[in-house]
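> Sequence:
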Amino acid sequence: MIPALSQGLASDAWVKLAPARDDWAAIWQSGQLLRGSGFVPDVLAHAELTLCLEFTLPQVAARVPVRLWQGAAETARAVGLYALPDGALRLVHGDIDLVTPPDMARAGETLSLRYRTCARGRGDIADFTNHDRLQKHRCRSGLAHAARLDELLPRDNRFLQTCHVAAIAEFGLASSDLPALAGGALVTTTTGARPVETLTPGDLLVSATGETLPLRWIERRSRLCLGRQSPVRLRAPYFGLSHDICVTPETRVVRSGPAVEYIFGEERVLARAGDMTSSPGAHRDNQRPVRAFHHLMFDDHACVMVDRCGVETALLADVVAVGDAGQPCNLSQADRTPCLPVLDRAGAQALVAASAKGRRSLT
Numbered sequence: 001m002i003p004a005l006s007q008g009l010a011s012d013a014w015v016k017l018a019p020a021r022d023d024w025a026a027i028w029q030s031g032q033l034l035r036g037s038g039f040v041p042d043v044l045a046h047a048e049l050t051l052c053l054e055f056t057l058p059q060v061a062a063r064v065p066v067r068l069w070q071g072a073a074e075t076a077r078a079v080g081l082y083a084l085p086d087g088a089l090r091l092v093h094g095d096i097d098l099v100t101p102p103d104m105a106r107a108g109e110t111l112s113l114r115y116r117t118c119a120r121g122r123g124d125i126a127d128f129t130n131h132d133r134l135q136k137h138r139c140r141s142g143l144a145h146a147a148r149l150d151e152l153l154p155r156d157n158r159f160l161q162t163c164h165v166a167a168i169a170e171f172g173l174a175s176s177d178l179p180a181l182a183g184g185a186l187v188t189t190t191t192g193a194r195p196v197e198t199l200t201p202g203d204l205l206v207s208a209t210g211e212t213l214p215l216r217w218i219e220r221r222s223r224l225c226l227g228r229q230s231p232v233r234l235r236a237p238y239f240g241l242s243h244d245i246c247v248t249p250e251t252r253v254v255r256s257g258p259a260v261e262y263i264f265g266e267e268r269v270l271a272r273a274g275d276m277t278s279s280p281g282a283h284r285d286n287q288r289p290v291r292a293f294h295h296l297m298f299d300d301h302a303c304v305m306v307d308r309c310g311v312e313t314a315l316l317a318d319v320v321a322v323g324d325a326g327q328p329c330n331l332s333q334a335d336r337t338p339c340l341p342v343l344d345r346a347g348a349q350a351l352v353a354a355s356a357k358g359r360r361s362l363t
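Position one of the sequence shown corresponds to residue 1 (UniProt numbering), numbered consecutively onward.
In case anyone wonders, no lab produced these hints; they're calculated from the structure. Source: prediction; values computed, not measured. All the pointers check out, no bait thrown in.
Pairs of lysine to aspartate or glutamate, DMTMM-like flavour, derived with a Cα cap of 20 Å: (1) K136 x E109; (2) K136 x D344; (3) K136 x E250; (4) K136 x D86; (5) K357 x E261.
Hey, can you work out the whole structure from these sequences and the hints?
Written as structure tokens, this is what we have:
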């Protein structure tokens, strides 16, 4: 038995914590267990736990609250997730009761939740994402007790049908909604192409504009790779690649050429990988439920070169925004502004359609 870790555990004066594990208790897709042992009774409190859910609301809006998830523990401690008639989502866990703004979730839309509990009270985060409208909402939870696994694990199998992706991690899963490369991508440096996983801060990389830039930050993060969170595989020889690479859906790549100049009046633009999956050169890759990705950042926003493909790095404002420290403040405009014009989803899909039309005209 050890003392409570913080003031937030005052209600549990003495709490026995489970051993720290960088592991997943369970991962389900469409009701099928992909990893872990499923439900295992667990009365030990955990320093950190993370619940990840993805669900699609019914095509017809309900007039009463719809329960999307219910934890296996006693009701007073179990996690509950509800879709409300006004389009808000409600997360209940112990003494916390969080509600998103109305119209966050409409009938037929796909959304996800990343809910992280932290016994120290520093990383209690609930991130809601609407994948159809690319809207996000973050809440601070402030749970007053150290959570147990049975509070997050499903009460019965019907919730595994409601939520087509469900996962519980026995650690604090950091947000990976940032530009990132999976291992194996060969990044151009001043000493030649190197696998992204071998890079370290201070290495000199060659940007898409030909500049030599020192790498300031690189971090490896695990990511759940199912459903709308699946990474995107960019296929060679498209995008100037000599080998396939895997990126997060949020990663934007440099696009140029006659179609870009004609449609957007720009020499080069950035297009989000997740918005180009209707093209033959990009598709979702859900072969592995969990993968590690590498996030890179320079002093200012820039794009690295992977073969002849420009791939963006992270903006400081975005790194701070997805972290547990909260929203960015006192950042310069340069830390918030992408290095090239950014296409929205409609623009990226228009570019894909124009490129496909151009290819057909050549055949």
